[in-house]
Amino acid sequence: MEEISHLKHTPLHALHLSLGARMVPFAGYNMPVQYPDGVMKEHLHTRTAAGLFDVSHMGQVIVRPKSGKIEDAALALEKLVPVDVLGLAEGRQRYAIFTNAEGGILDDLMIANRGDHLFLVVNAACKDADFEHLKNGLADTCEVTMLDDRALIALQGPHAEAVLGELWADVSAMRFMDVAEADLHDVSCIIARSGYTGEDGFEISIPSASATDVTQRLLEHPDVKPIGLGARDSLRLEAGLCLYGNDIDTTTTPVEGAIEWAMQKSRRAGGAREGGFPGADRILGQFAEGASRRRVGLKPEGRAPVRGGANLFADTEGKTLVGKVTSGGFGPTVDGPVAMGYVDATHTDNGTTVYAEVRGKYLPVVVAALPFVKQTYKR
Amino acid sequence: MLKFTDEHEWLKVEAGVATVGITEHAAGQLGDLVFVELPETGSTFAKGDTAATVESVKAASDVYCPLDGEIVEVNQAIVDDPSLVNSDPQGAAWFFKLKLADPNAADALLDEAAYKELVA
Numbered sequence: 001m002e003e004i005s006h007l008k009h010t011p012l013h014a015l016h017l018s019l020g021a022r023m024v025p026f027a028g029y030n031m032p033v034q035y036p037d038g039v040m041k042e043h044l045h046t047r048t049a050a051g052l053f054d055v056s057h058m059g060q061v062i063v064r065p066k067s068g069k070i071e072d073a074a075l076a077l078e079k080l081v082p083v084d085v086l087g088l089a090e091g092r093q094r095y096a097i098f099t100n101a102e103g104g105i106l107d108d109l110m111i112a113n114r115g116d117h118l119f120l121v122v123n124a125a126c127k128d129a130d131f132e133h134l135k136n137g138l139a140d141t142c143e144v145t146m147l148d149d150r151a152l153i154a155l156q157g158p159h160a161e162a163v164l165g166e167l168w169a170d171v172s173a174m175r176f177m178d179v180a181e182a183d184l185h186d187v188s189c190i191i192a193r194s195g196y197t198g199e200d201g202f203e204i205s206i207p208s209a210s211a212t213d214v215t216q217r218l219l220e221h222p223d224v225k226p227i228g229l230g231a232r233d234s235l236r237l238e239a240g241l242c243l244y245g246n247d248i249d250t251t252t253t254p255v256e257g258a259i260e261w262a263m264q265k266s267r268r269a270g271g272a273r274e275g276g277f278p279g280a281d282r283i284l285g286q287f288a289e290g291a292s293r294r295r296v297g298l299k300p301e302g303r304a305p306v307r308g309g310a311n312l313f314a315d316t317e318g319k320t321l322v323g324k325v326t327s328g329g330f331g332p333t334v335d336g337p338v339a340m341g342y343v344d345a346t347h348t349d350n351g352t353t354v355y356a357e358v359r360g361k362y363l364p365v366v367v368a369a370l371p372f373v374k375q376t377y378k379r
Numbered sequence: 001m002l003k004f005t006d007e008h009e010w011l012k013v014e015a016g017v018a019t020v021g022i023t024e025h026a027a028g029q030l031g032d033l034v035f036v037e038l039p040e041t042g043s044t045f046a047k048g049d050t051a052a053t054v055e056s057v058k059a060a061s062d063v064y065c066p067l068d069g070e071i072v073e074v075n076q077a078i079v080d081d082p083s084l085v086n087s088d089p090q091g092a093a094w095f096f097k098l099k100l101a102d103p104n105a106a107d108a109l110l111d112e113a114a115y116k117e118l119v120a
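Just so you know, the sequences run in chain order C and B.
For the first sequence, the residue numbers in the UniProt record's numbering are 1 to 379.
For the second sequence, the residue numbers in the UniProt record's numbering are 1 to 120.
The following block holds chain C by itself, in its conformation from the complex:
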């Protein structure tokens, strides 16, 4: 096991230990992979009631325009991301990616318009590189600040709204991807109606000093249980959501990764602000002509999970390589194995059978629509 002592702790570390969490190293942090209930029960609880996740390891970044005009920050950020930031209304957030000059993906992130600044949430493993990337790209026009004094939790599941509603009645007015500021137990929090499970839910940024108090009070609700990284992964996989570093990375473009939906019309060919982001030539070229491979859902036909890294073949003898699994495991809600990965353009149609190499055998896997479970966002 990796040496634990040099790992960073989130503001909720002591709470995790008191809840009996099993801690593991993750992106430089000591994080709860599961609590005594275990991954299976935690996953199912999130889908049927409400799960609470500590995601304080993620980076929270403020981008503030020096001019005071949010449009200036939006236009500056559009030079780094292929999404419409200018058109993002105050109090709204959207999914984005940082691209590189080859059209690969440096990280995925959330961007919120908070009126006088943009609020970004980036992946833990990439946050230092993202911060440098932002400073280098935006220094002329914006102040870029990494917040090191805030925790981030996610409350996810069908009961999340009712639970949060007991602390803040206006929560029911929020729609999917709305962002608002509200007091929870007299602590000023930034609340986004979003998450990483496919369920309705919220992501809540809390000042570190009050994070344990607010989290503990949420956990006092009988419908809420703490959920570890293990179930976070199985939940997002069933929901068809990418894990940066597994399913998308610097070698995959947004078109190959099947996340073109993240690029609004204004940034595509013929749009008002077409291109103008790193790798635009390659990415817009793939929009027009298609890519040679694509990320798809993969449903193993048997009971055996097919894990990330497994090669995919067109035949049962392992002769013609057609792709690779990037994430795979068991879906507790699906009650069977689920996976996603990249296949050659000739094998992307739903219903196509390919064969995954698992322990020397070639197991049939069917290309399937994502997500594996119905998303329940409050649009």
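Treat the hints loosely; a few may be bogus.
Subject to a maximum C-alpha distance of 30 Å in a straight line, what follows is the list of computed DSSO-like cross-link-like pairs (lysine-lysine) [claimed, not checked]: (1) B:Lys-47 <-> B:Lys-97; (2) C:Lys-299 <-> C:Lys-319; (3) B:Lys-116 <-> C:Lys-41; (4) B:Lys-116 <-> B:Lys-99; (5) C:Lys-361 <-> B:Lys-99; (6) B:Lys-97 <-> C:Lys-361; (7) C:Lys-265 <-> C:Lys-135; (8) B:Lys-47 <-> C:Lys-361; (9) C:Lys-374 <-> C:Lys-225; (10) C:Lys-41 <-> C:Lys-8; (11) B:Lys-116 <-> B:Lys-47.
Simulated from the structure, these hints should not be mistaken for laboratory data.
Quick caveat: nothing in here was measured; it's all calculated off a predicted structure.
Model the placement of chain B on the given structure of chain C, informed by the hints.
Chain B in isolation, oriented as in the chain C frame:
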């Protein structure tokens, strides 16, 4: 005779045949199992070979053959219901029966007291 390995398998040896499973400690560490793959009856393994595979929601783990021998029977019940390994690991959820190449080889394995010390 009940014996244990430091790879967290238990063996109940009767007349040169070892019934083999994974310990309660191992089952707890693995978490809820969702898939079990067992060896074929009649196959032979050397000590330390991968004889079976168990998978939780998160990960796959190997189960090693504790001694040299031949598989004479496997427990289909844990293939049909992997959760049995979590609920009764040292009872109904045995994995396979191994005809030992050397009936005395099990003597050198850990006894229950030594194993308990190992996982304490």
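Checked hints:
no.: 1; hint: B:Lys-47 <-> B:Lys-97; result: holds (14 Å)
no.: 2; hint: C:Lys-299 <-> C:Lys-319; result: holds (21 Å)
no.: 3; hint: B:Lys-116 <-> C:Lys-41; result: holds (28 Å)
no.: 4; hint: B:Lys-116 <-> B:Lys-99; result: holds (26 Å)
no.: 5; hint: C:Lys-361 <-> B:Lys-99; result: holds (26 Å)
no.: 6; hint: B:Lys-97 <-> C:Lys-361; result: holds (24 Å)
no.: 7; hint: C:Lys-265 <-> C:Lys-135; result: holds (27 Å)
no.: 8; hint: B:Lys-47 <-> C:Lys-361; result: holds (23 Å)
no.: 9; hint: C:Lys-374 <-> C:Lys-225; result: holds (22 Å)
no.: 10; hint: C:Lys-41 <-> C:Lys-8; result: holds (28 Å)
no.: 11; hint: B:Lys-116 <-> B:Lys-47; result: holds (22 Å)
Checked against the numbered hints given earlier, the structure satisfies every one of them.
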